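Participant: Sequence:
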Amino acid sequence: MFKVHVWCGKCVTKSLELFYGCFSCTCVRPRYKRLVDNIFPQVPQDGLVKSNMEKLTFYSLSSPEKLDRIAEYLFQRASRDMSRKKSEYVVMAMEAMDQLLLACHAQTLNLFVESFLRMIQKLLESTEPDLQILATQSFVKFANIEEDTPSYHRRYDFFVSKFSSMCHSNHSDPNVRTMIRVAGIKGLQGVIRKTVSDDLVENIWEPVHMDKILPSLLFNMQDSKYYKRDDYSPGLEDKNDPGVLADTCIRELIGRASFGHVRSVLRPVLRHLDLHNLWVPNDFAVHTFRIIMFSIQSQYSYAVVESLMSHLDENSGSSARIRTSITHVLSKIISISAEESVGPSVLEIINSLLGHVRVSASRRQDAEETQYMEALISCLGEFTAHLPDYQKVEIMVFIISKIPGEKKPPELLLQEMLLKSLLIVCKKYTNVSMNTTFPVSLLEPLLRLCANGEAVLLVQSVLHQLLDRHENLSKVYDPSLDHQSISHDQCSRADTMFLRKYGDDMYSCLVDCLAAPFNLEILRAVYSTLALIAIELVTVTTLPSFLAMIYSLQELAMGQNSLNLSQKCNLHIMAICLLNLVSDLLQISGMKVYAQSVIDKRREVAPYLLPAVREDHRLDSLKDISSELLIDESKLGDCLRQSGVDIPSSTSLVHRHSWVENTGVSMKGSNSDLTTLDIDSANSTPGVQRKYPHEELSFEAMKRVLAESSDVVKAHEKQKQEQLFQTFRNTTFQEMIIRNTVKDEDTLQSKLMDLLNKTQLTPQLPLNDAPPIYEQLFPELFAY
Numbered sequence: 002m003f004k005v006h007v008w009c010g011k012c013v014t015k016s017l018e019l020f021y022g023c024f025s026c027t028c029v030r031p032r033y034k035r036l037v038d039n040i041f042p043q044v045p046q047d048g049l050v051k052s053n054m055e056k057l058t059f060y061s062l063s064s065p066e067k068l069d070r071i072a073e074y075l076f077q078r079a080s081r082d083m084s085r086k087k088s089e090y091v092v093m094a095m096e097a098m099d100q101l102l103l104a105c106h107a108q109t110l111n112l113f114v115e116s117f118l119r120m121i122q123k124l125l126e127s128t129e130p131d132l133q134i135l136a137t138q139s140f141v142k143f144a145n146i147e148e149d150t151p152s153y154h155r156r157y158d159f160f161v162s163k164f165s166s167m168c169h170s171n172h173s174d175p176n177v178r179t180m181i182r183v184a185g186i187k188g189l190q191g192v193i194r195k196t197v198s199d200d201l202v203e204n205i206w207e208p209v210h211m212d213k214i215l216p217s218l219l220f221n222m223q224d225s226k227y228y229k230r231d232d233y234s235p236g237l238e239d240k241n242d243p244g245v246l247a248d249t250c251i252r253e254l255i256g257r258a259s260f261g262h263v264r265s266v267l268r269p270v271l272r273h274l275d276l277h278n279l280w281v282p283n284d285f286a287v288h289t290f291r292i293i294m295f296s297i298q299s300q301y302s303y304a305v306v307e308s309l310m311s312h313l314d315e316n317s318g319s320s321a322r323i324r325t326s327i328t329h330v331l332s333k334i335i336s337i338s339a340e341e342s343v344g345p346s347v348l349e350i351i352n353s354l355l356g357h358v359r360v361s362a363s364r365r366q367d368a369e370e371t372q373y374m375e376a377l378i379s380c381l382g383e384f385t386a387h388l389p390d391y392q393k394v395e396i397m398v399f400i401i402s403k404i405p406g407e408k409k410p411p412e413l414l415l416q417e418m419l420l421k422s423l424l425i426v427c428k429k430y431t432n433v434s435m436n437t438t439f440p441v442s443l444l445e446p447l448l449r450l451c452a453n454g455e456a457v458l459l460v461q462s463v464l465h466q467l468l469d470r471h472e473n474l475s476k477v478y479d480p481s482l483d484h485q486s487i488s489h490d491q492c493s494r495a496d497t498m499f500l501r502k503y504g505d506d507m508y509s510c511l512v513d514c515l516a517a518p519f520n521l522e523i524l525r526a527v528y529s530t531l532a533l534i535a536i537e538l539v540t541v542t543t544l545p546s547f548l549a550m551i552y553s554l555q556e557l558a559m560g561q562n563s564l565n566l567s568q569k570c571n572l573h574i575m576a577i578c579l580l581n582l583v584s585d586l587l588q589i590s591g592m593k594v595y596a597q598s599v600i601d602k603r604r605e606v607a608p609y610l611l612p613a614v615r616e617d618h619r620l621d622s623l624k625d626i627s628s629e630l631l632i633d634e635s636k637l638g639d640c641l642r643q644s645g646v647d648i649p650s651s652t653s654l655v656h657r658h659s660w661v662e663n664t665g666v667s668m669k670g671s672n673s674d675l676t677t678l679d680i681d682s683a684n685s686t687p688g689v690q691r692k693y694p695h696e697e698l699s700f701e702a703m704k705r706v707l708a709e710s711s712d713v714v715k716a717h718e719k720q721k722q723e724q725l726f727q728t729f730r731n732t733t734f735q736e737m738i739i740r741n742t743v744k745d746e747d748t749l750q751s752k753l754m755d756l757l758n759k760t761q762l763t764p765q766l767p768l769n770d771a772p773p774i775y776e777q778l779f780p781e782l783f784a785y
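Here the numbering used here is used: position 758 in the sequence shown is 759, and no number is missing along the way.
There's no promise every hint is true.
With a straight-line Cα cutoff of 20 Å, these simulated SDA-like cross-link-like pairs (lysine to any residue) come out [as the list claims (entries may be wrong)]: (1) LYS86 <-> LEU49; (2) LYS429 <-> GLU383; (3) LYS213 <-> PHE159; (4) LYS403 <-> LEU458; (5) LYS56 <-> LEU101; (6) LYS51 <-> GLN100; (7) LYS428 <-> LEU459; (8) LYS429 <-> PHE399; (9) LYS213 <-> ASN171; (10) LYS34 <-> GLU55; (11) LYS428 <-> LEU458; (12) LYS476 <-> GLU522; (13) LYS123 <-> VAL92; (14) LYS123 <-> ASP158; (15) LYS34 <-> PHE59; (16) LYS34 <-> LEU49; (17) LYS602 <-> GLU634; (18) LYS429 <-> GLU472; (19) LYS213 <-> ARG252; (20) LYS502 <-> THR437; (21) LYS123 <-> LEU112.
No lab work stands behind these hints: they were computed from the structure.
Just so we're clear, the structure is a prediction, and the values are computed from it rather than from any experiment.
Can you build the whole structure from these sequences, using the hints too?
Facilitator: Here it is, written out as structure tokens:
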């Protein structure tokens, strides 16, 4: 029997093909190939045949198992057309793949994607910009599709490398160059979106990828003109500008970074800035790190600061200009991370900054090195400005603990820099309570540094910033008699207690600053400090110590010391200005009238003892100054008593050694008042007989008794020490053991028995030998 084959009319004329079989006949080819062939027109300018493309799409959806074959056949056709330079058919094949990609469901994409990516790779490898841009657009469409099933074998090494190279295109045509760079950036953005959210695909955070992606993006950003504008804001400019697109891509990449990936991103950024010398000037570096800080998750922002500070450590051998620029970048971003820095990370950052200040201070100083240290101090201030106040106090204590006590030139420079660091932290601090603002660990070192002539002005500036709660510093800069514009509130009880506790020490240190020859700057600084203390802290109960300090200033001006006449005149001016200030603040009429009388007398006779202070007082001597021109403690005490302030007549307003223990002024309600009242009432009450009526009861007599008793105590102590020395020198070791051994009669039990015998409370013994009652009632609880 013969089998009859029926062929189509197109194949009848092909006798050779009939002989070998019609292997190329369209009628017997697989349906998916026929559907694919039908989408391509005879004339390439006509584009895809839409009706046939719809048939192919329907077939793909109804037979998803054919997707991989369809994609493979499309890839083969496109490869053949590329080799034949038929770009129009290549574009149509890519367009068909795009439509199939968007029409397919997510769970069937793995059957299609491999050939799709091979197709994109083939187009990217071509030298024609149009095909490269077309492939990039298709890849971006693919990147925006979320896949349900991960692909373990898919890799994107080629795409990262190719897109990165496109970002560096240097095509001769500027428009083409821009289009290729835009395509490269969009391609990188697609790779990031496709890989960063899927842990099962290739790790895009590896250095081999980050070292290509980030430099490519930064290259386009620095070549853009937009970041240099002050009003720059991404999203408002041309989306086809490579710099704007690179900015957006970096923000997206940083925003998706977890804590473990932050340093993977920062390392190539820092390397790019180093290799391309972008630290000086640092406009682009500041712009880049601001993008990073505003894009990264807030809880990871301090990691950026740590990385930048580590980079500063690595550049310790670089020029001062580079280190200064890095520090300026740090200053611009460190405030952003301050709110997220807690606990040890705060002191770690502060310690690192202070460490750089210490290293810089030990180097040979020039203008650039000084500028670097100033930049470090500014950076520290920016960081602390956004911290809560309690952390600022801890930082101030931490900084002052690092200040050296030696007076060698390198140490003096470091001391100055650290005090400037302390000052910039103080400027950011808000004082609510003096006890909180001045812990002992801060106040004591500050007062100790007041004795250092080189640091006295900086210490006074620190005190000014911490004391001035009502912005009065500019109003008390110079000794003056006009205090009308000063802001003043009633002092709290806690602040009053603070001044009672530490006021004398503060006054003593401030007066000591003026005991040695000083200039007008030091005088003005100390006056401002004392005036701020008067404004913020002095009340009626703490007034005696303040008045005693004023009188001490006058005594210092009248004493025999190394001060010249101009300095002594300035001390007199300072004393009367402080007296007038505290009189105006407390509104004590008697003291105010007395202060005004002294001022009026000086204005008539000695105007050189009134403001303003100056260095050229033309005087021969201050010995001829009458008592009417000076502050008289007895007259001042009488004026206070007339105003209702009770001060005993024997009390002195002068502090001789300690303003806490030897203060003579006693206000109403004070302990010294109670003591004086008890003594006076004992003298005046009838029927009360003193034990020793012949003894004199006065303040001078008490001082004399105390002085005599102290001499007796000292002599007695000296005699005891001599006896102890002779005992240890002449007594043998055995005798010393016997003498110092506790004897039976010296035991606690023996002493107690002696006391009981003396008070006739000897313990009662039991009358018979019967067992105790608890043994009789509960015999089972006892073992015999």
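Participant: Next pair to validate is LYS34 with PHE59; report whether the Cα-Cα distance is within 20 Å.
Facilitator: 14 Å, holds
Participant: Is the Cα-Cα distance between LYS56 and LEU101 20 Å or less?
Facilitator: Roughly 11 Å between the alpha carbons, so the hint for LYS56 and LEU101 holds.
Participant: Take the C-alpha atoms of LYS34 and LEU49, compute the straight-line distance between them, and say whether it is at most 20 Å.
Facilitator: 15 Å, holds
Participant: Straight-line Cα separation of LYS403 and LEU458 no greater than 20 Å?
Facilitator: 19 Å, holds
Participant: If you draw a straight line from the CA of LYS602 to the CA of GLU634, is it 20 Å or shorter?
Facilitator: 17 Å, holds
Participant: Taking 20 Å as the top limit, are the C-alpha atoms of LYS34 and GLU55 close enough?
Facilitator: 15 Å, holds
Participant: Tell me if the straight-line CA distance from LYS123 to ASP158 falls inside 20 Å.
Facilitator: 14 Å, holds
Participant: CA of LYS123 to CA of VAL92, is that 20 Å or under?
Facilitator: Satisfied, since the Cα-Cα distance of roughly 12 Å is no more than 20 Å.
Participant: Quick one, are LYS86 and LEU49 close enough, alpha carbons at most 20 Å?
Facilitator: 18 Å, holds
Participant: Given the hinted pair LYS51 and GLN100, is their Cα-Cα distance within 20 Å?
Facilitator: 11 Å, holds
Participant: Given the hint that LYS428 pairs with LEU459, test it: the Cα-Cα distance must not exceed 20 Å.
Facilitator: 13 Å, holds
Participant: Going straight from one Cα to the other, do LYS429 and GLU472 come out at no more than 20 Å?
Facilitator: With a Cα-Cα distance of about 14 Å, the restraint between LYS429 and GLU472 holds, given a limit of 20 Å.
Consistency note: the structure conflicts with none of the earlier hints.
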